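Okay, here's what each chain looks like letter by letter:
4 protein chains.
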Amino acid sequence: MDNLVYKSFETELRVRPDDIDMFQHVHNSKYLDYILAARYDQMEHCYGMSMEQFMARGYGWVVKTAHINYKRPLTLGVYFIVKTSIVDIDDKGCRVKFVLTNKATNKISCDGWFDFVMIDLKTGRGVEIPDDIVEHYTILHD
Amino acid sequence: MDNLVYKSFETELRVRPDDIDMFQHVHNSKYLDYILAARYDQMEHCYGMSMEQFMARGYGWVVKTAHINYKRPLTLGVYFIVKTSIVDIDDKGCRVKFVLTNKATNKISCDGWFDFVMIDLKTGRGVEIPDDIVEHYTILHD
Amino acid sequence: MDNLVYKSFETELRVRPDDIDMFQHVHNSKYLDYILAARYDQMEHCYGMSMEQFMARGYGWVVKTAHINYKRPLTLGVYFIVKTSIVDIDDKGCRVKFVLTNKATNKISCDGWFDFVMIDLKTGRGVEIPDDIVEHYTILHD
Amino acid sequence: MDNLVYKSFETELRVRPDDIDMFQHVHNSKYLDYILAARYDQMEHCYGMSMEQFMARGYGWVVKTAHINYKRPLTLGVYFIVKTSIVDIDDKGCRVKFVLTNKATNKISCDGWFDFVMIDLKTGRGVEIPDDIVEHYTILHD
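Residue numbers (the numbering used here), protein chains in the order written: chain U, 2 to 143; chain B, 2 to 143; chain D, 2 to 143; chain A, 2 to 143.
Since the hints were made in silico from the structure, they are not lab data.
Owing to the predicted nature of the structure, the values given are computational and were not obtained by experimental measurement.
A couple of the hints might just be wrong.
Taking lysine-lysine pairs in the DSSO-like style, the calculated list, with each CA pair at most 27 Å apart, reads [unchecked claim]:
{"id": "1", "chain 1": "B", "residue 1": "K108", "chain 2": "B", "residue 2": "K84"}
{"id": "2", "chain 1": "U", "residue 1": "K123", "chain 2": "D", "residue 2": "K93"}
{"id": "3", "chain 1": "U", "residue 1": "K108", "chain 2": "A", "residue 2": "K8"}
{"id": "4", "chain 1": "U", "residue 1": "K104", "chain 2": "A", "residue 2": "K123"}
{"id": "5", "chain 1": "B", "residue 1": "K108", "chain 2": "D", "residue 2": "K65"}
{"id": "6", "chain 1": "A", "residue 1": "K98", "chain 2": "U", "residue 2": "K65"}
{"id": "7", "chain 1": "B", "residue 1": "K72", "chain 2": "D", "residue 2": "K93"}
{"id": "8", "chain 1": "A", "residue 1": "K65", "chain 2": "A", "residue 2": "K8"}
With the sequences and hints as input, model every part of the structure.
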C-alpha cells in the first residue's frame, strides 16, 4: 500500500429498462456492470489506454475481488455518475474504489471497490503488470 | 392497417461491456433491450407520455411479437442510433419498426419490428388501449 | 426448402430470479437466451457436436433472424421445456423452430424460429457449412 | 454476532450461454445472480418459506452488501454447486456466506458473503424482520 493520491474520474450513465428487477429497482448485480462500463470508458478517455488496446497486446483485466455497499436503489431511466479512482497499483494488480451517485438527487446509490488483476488472454492465467502500464495508470491527483 | 405515415424518432445509446458475448460481439438478445431502452426514452421525450406515467395509470406495455434481422454485429464501446417509428396503432396494440445503425460507420446493424399490447398491471391481462392514448401516440410525419 | 421432417429435442430449464423484470414476468429478451441455452444443450447431448467442438474447429453459430411470439409469461422459479427442431438446413445455414412450454401448466409460453448462419471465428464472416456438419445435423424424425 | 452454527444447503445450477463474456468466462456479475438463484431455491425447498411467500406478506429481501472473491472462472455449460449458510440472523438482517464449486473439478470458483435486509414492498424501506421469520430461518447444523 502506497501513500499516493490518485486522480478520480467520472462517467455519466443511464439505467436501461432491462436493468430493472421485480422490485422495480436496478437489479443488484447490474451495479457491477455499471462500474465496469464506467471503468472501460475511463480507461479509454481518461487514461488513454483502452481495454481494446490491452486486448491487442494480449492482455485482459479481470476482477479478483468485488465489494459493494448498496445504499439507495436506482430506478427506471435514472441518470447517474460513476466516480472511480485507483487506490493502489503495482505489478500484482490494482484496487479501484467507486462511488455511484444519482444525478437527480446527488445522493450516493452505492460504493465499494474492485481488485483487478491482469491475465494473459491466451492462457487465461494471471500475469505481472508490465512497468509501462503501471506507470501509464499512475495519474496522481493534482 | 391504415395508410398514415408516422413520425420516426432517434435515440443514441452505447454498448456496455456486459453486453458482449463469447464471440466478442453484442449478444443477440441485447439488441431487443436496446430497442426497448430507445423506445422508453422516446415515450418520455418524444411522445411526452413515459412508461412511468402508463404505470401510474395502472397500465404496462408488453411485447407480443418480436422480429429482428441481424446484419452487422456491434462491438465493445460502440455508439449507435436506434430509430423507431409506429407502423400502425389502434385499440388492440401497436406495431413499432426499428433500425439500429452504428454511429461510426453509418451502417445498419439490425432492423425489424415489435408488436406491443397493453396490459392491466393488476391482472396482467391485455386491455383495449384507451382512445386518448391512441391519439396521443398518433404523431404523423410532417 | 426440403420436405424432410427433422427430429425434435427437449431441454428442461428453470427461470432464474435475475430473469424477472419490473412486471414480475420473465423479461422478453431472456426467452431468446433460453432458446439458445436449450439449443447448446441439444447440440452437445442430442446431436453430439457441441458448440465447443465447433469453436475448436474455428467456427461459431450466430443468429441471423429471430422471430418470437409471446403467449403467456413465465414467472419466478418456473420450470419449462424448450422443444426445438431443425426446419431446414443446407450449406447456407439452418432454420430452427422452437416451442417453450410451462412445465406446470403444460401451456405454451412462446414459440417462433431462429435462422442461424455459421461464421469463421477469425474473420467473423459467414462461411459455407461443411458437408459433414450438414449431414451430422440431419437427424430425421423416426 | 452469535455463536450458533447454521445448517448449510446446496443447489446445483448450470452456466447458460448468455452468462459468458468476451473473455469466454462467466461474466463477473453473473456469479451474484447464481448465488441469488441458489438462495431462492433454498428458501423454497430447504427453509420452506419462498420469496413468493415473503412477497405475499408484503416483504422483499434485498442485498445490502456483497463481497465476492473470484478464484477460478466458470466456462460454457459447466455444472456447479452453490453452498450457502446463514452466518448470523437477527431482526436487522442476515449475513449469508457462499461457496461456489465447479462440479467437474470440485474446485472452488468463488466465495464470499451477502448481507440481506428486509424491505416493505409498498414503501421500499427497510423493516425489522418479524420474530417468526427469524425463528423460521434459524436452522442449526446437526
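Could you grab the alpha-carbon distance between K123 (chain U) and K93 (chain D) and see if it respects the 27 Å cut-off?
Violated, at about 31 Å.
Below or equal to 27 Å on CA atoms is what counts here, so check K98 (chain A) against K65 (chain U).
holds (17 Å)
27 Å limit on alpha-carbon distance, applied to hinted pair K104 (chain U) and K123 (chain A)
Roughly 24 Å separates the two Cα atoms, so the pair holds.
Is K65 (chain A) within 27 Å of K8 (chain A), Cα to Cα?
holds (22 Å)
Below or equal to 27 Å on CA atoms is what counts here, so check K108 (chain U) against K8 (chain A).
violated (38 Å)
27 Å limit on alpha-carbon distance, applied to hinted pair K108 (chain B) and K84 (chain B)
holds (13 Å)
Given the proposed pairing of K108 (chain B) with K65 (chain D), does the C-alpha separation stay at or below 27 Å?
holds (16 Å)
Holds or violated: K72 (chain B) and K93 (chain D), Cα atoms, limit 27 Å.
Satisfied, since the Cα-Cα distance of roughly 15 Å is no more than 27 Å.
When held up to the earlier numbered hints, the structure conflicts with 2 and 3 and fits the remainder.
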